[in-house]
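Asker: Got two chains here, separate frames each, mind docking them using the hints?
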Amino acid sequence: VNPIDELARVLPSPPASRELPRQQQHKTELLTIVGADRRRRRARRKPAPRRWLAPAMAGAAVAAVAILAVTVPGLLSSPSGSRSGSSAQTGPSAAPTAGATAPRPGSRLTRTLSWSVPATRFDRIAVDVARGSVIVVGGSASAAAITATPDYAGQAPVLSSRVEGGTLAVLARCPREPDCQVSLTLRVPAGAQVQAASDLGDVRVTGLHGDVTASSQRGRLVLTDLSGRVSATDALGDVTLAGITGPVTAQTAEGSIKASGLAAAQASLSSQDGDITAVFVVAPAQVTASTRLGDVAIRVPSTVTYDVIASTQLGNTAISVPRSAGSRHVIKATSQLGSVTVAG
Amino acid sequence: MVTTTGPGDAALWQAAAAGDHDAFGALFDRHAKPVYNFLLRRTTDWSLAEDLTAAVFLQAWRRRDQVVLDGDSALPWLLGVARLMLRNAARSRSRYQAALGRAGANAVIAGSGPSDPADVVVGRLDSERQLAELRAAIAGLPTRHREVIELCVYAGLDQQAAAIALGVSVGTVKSRLHRARQRLASDLRTPHPRSAAHSMEGL
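These protein sequences, in sequence, are chains V and D. Everything in the first sequence is counted per this note's numbering, starting at 1 for the first residue and increasing by one. Everything in the second sequence is counted per this note's numbering, starting at 345 for the first residue and increasing by one.
Next comes chain D alone, as it looks inside the complex (with noise of 0.2 Å):
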């Protein structure tokens, strides 16, 4: 899944518990790309979701003694750090999208300092409308069936990585996932009239 040259993240972390520093700044290179952009799909939120990736890895290296890896990969295991981590907040961040209704914009101005070239921020336009409708589409779910469909379809594990990511079984995952789907399908066969003008909402 994930592309490694070196070390695999087995011998990383290894290295890096036994308070090996280039161990862990190596596990930080290869995983902040993705446990950023998870926590940006999960908060739409660009300034948070960067304070909140390093605070992940931090938060691994207290942790790390208790690392799960997926075969070689301890990737899933740092997305359900990272999935903890958001979690209080994410319980009450999601009912503010609504209130605050100007996420949009305010991504726009964090990211537009005066080093931010003209055409970052309209790819960040776009960014913040693809993930507007990608939450919209999946905002009407249980956080459980939110959560699965977060890790499976868009950070791309697989149901075992997954299971590692949530700290539940495969079986789980595999239920999770079948409701989740079947929730869709019934959703999407009578669209919810609010998503389209959500979306556009601080555009």
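This is chain V alone, in the form it adopts within the complex (with noise of 0.2 Å):
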């Protein structure tokens, strides 16, 4: 007999399986990671047939010419080619890659478009994108390698990239249209110092040892494997955080935040309607948690005494680490209408 089925058939059935969301994007993140290792291995690759490739590279070439010739007429009007005589802009001599052109500040982006900026030329950077989604991700490349994607309908959104002062700021609006938006994803220098925003995308930041500064107003932030200080704003969206070792601070008014393997010393967290999160892998020295409506969960070590303060009008408290008043770790968990639960 089949242990496996004799076990189906006393459990209870599973919710029929799902399909990934936004799966294309997650894709596309997960390979923008990927492609940082490929570059520095691409060297000694040599590559193999591919012949499996061959329907799918047809059809991409038909879709590009496609793409090519609804674009082409938009490119011809625009202002291009003619080289700034700033040399605050990035031109196109900055670039490695062969035909990437960093955009002139106030060139609209009609069109997929690639571009890198020397790292030695700044240690800041400040992406500002109205709408659509930034990703920054870190490497150990030696330049801002940067990929603006439009979606549009209509007018083409503006876009511009320029130095100055140590700072590469990349910023993208949209015109009046509703259906238009930026989609940024830069590899950076990991000790870059990163400022993102977006007002109605998700921003995600990864693999940094510099300061990191995200803030969304209605999408959500994703931040992980960050060593600098981590500061997280957002609105209506939620707050994912996970492998951060620096002080943080994340507030949210309506999204709950999550943050796990955390590492920080230092963690503030506050949220107005949503649930809070955290699970410490090292004992933390301060640790603020509140939240008007929402639950707030800690998970920290067992391995020290914490002076837990922790304090609800309606909801349970649940406290099981170990506490002594006066204790270098100091936990403050405040929830009004929810429970607050601080265990080891």
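Derived by calculation from the structure, the hints in this document are not laboratory data. Yeah, the Cβ is synthetic: ideal placement off N, Cα and C, and Gly gets one too. Just so you know, not all the hints are guaranteed correct.
Said to hold, decoys possible - The following label-pair restraints were derived from C-beta to C-beta distances:
hint, chain 1, residue 1, chain 2, residue 2, range
1, V, P301, D, A361, 31 to 41 Å
2, D, D416, V, R22, 50 to 60 Å
3, D, D409, V, S114, 23 to 33 Å
4, V, N2, D, A361, 33 to 43 Å
5, V, A325, D, R406, 48 to 58 Å
Answerer: Here it is in structure tokens:
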């Protein structure tokens, strides 16, 4: 008798399998990160014949021709090619990739554009897209490699990239049309300081040891593997933190905050309406978590004692970590209506 | 077990390990769904499962030289990576499920962005209930038994594949399945009164 079948008979049936939401977006993000590795290895690699890709490539070629046919008139009418005299701007000479041209300030983004800026010219990066998503991936690259992808109907978005006072600033703006967004992906030196902002889209930042400031109004913030100071501010979206080792501040009005694998000494997490969950892998010195409507759940290593100050007006409080008043490890956890859990 | 078109996992993985972007993308497309559903059953948290799915593949990429194929499938090994990734978080989260109490409601809020049609939300509520029932049914079992049930019954792995995912011998999988069945049989004779109430929480 097959024991698996026997078990299946007595257990409840699971919900139907579901597709991964936003699979293409996740794939793009994943391959962006993987791409950093690939560049280092490419020199050693002998390209293997990939016959199975032929049909896909043919399809892609057809699609590319179709896209070109649509976008070429737009390209011709937009000011392009003329090199600006200002040394502060990122020009074609800065780009190692053949054909990569940095957008001049105020130029229209009609198709996907990739360019790069040598790391010698900046140590800070400021990215701001009003509508669309931002992905920033730290790597050992000696340049910032940037890809901007527009998605619009009607007027094309406006993009600019320039370096000023050691800051590489990449800005994208949409004209009034609602059907317009720009997705930005940046692969940057791991030591860079990064500010990334989007009003409507998600902001994802990973693999940096410089300080990171991320903000969004309605999108999600996903910040992972960061060792600098981290600051995350959202209004309606959730904040996800993982593998943060520097001091971290996160706040959102309506979203929730989920933090895992934290090794931060200081963490300040606040929400108005959402839940706060934080799992520390290293005993923190100072944790403040507060929400109005949601629940607070904090998990810390039981290897030390904590000075826990937990309060809630309506919810339950459950503290199961070793406690001692006056400990160097302080946890303040409050919720007005939700429950508060601090566990070891 | 997995219907495949094009090159097998072994060929794709070899190409990916040699630095082939597209091959790794093809592996992601092929296995993202089962990995996501595995994470979903384990976490009962839609947004967490979604975030972790990409993280599993990134971890797999970093450990791509260590892949163990089951026949021509990388899925058991990928689920093993997912399991290791969850192990710390799951220990805490499973204890938190009761405390949080609102897992069901959260999941719906997390997914109910402006672009989510209502039927998706209703579908999620249904799934939430089923996930809660499933969790309640196996909640009392030790982790090693829950894992073998998760992999063999719900993820559809056979005993050989589960052994790869768990990093143990096939014999160990067999004995864990056997004990899990004994445990469940005795638990079901004396149903836990909290199970039913539990599954309704947050709905």
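Asker: Mind listing which of the numbered hints don't hold for this structure, in increasing order?
Answerer: 2 and 5
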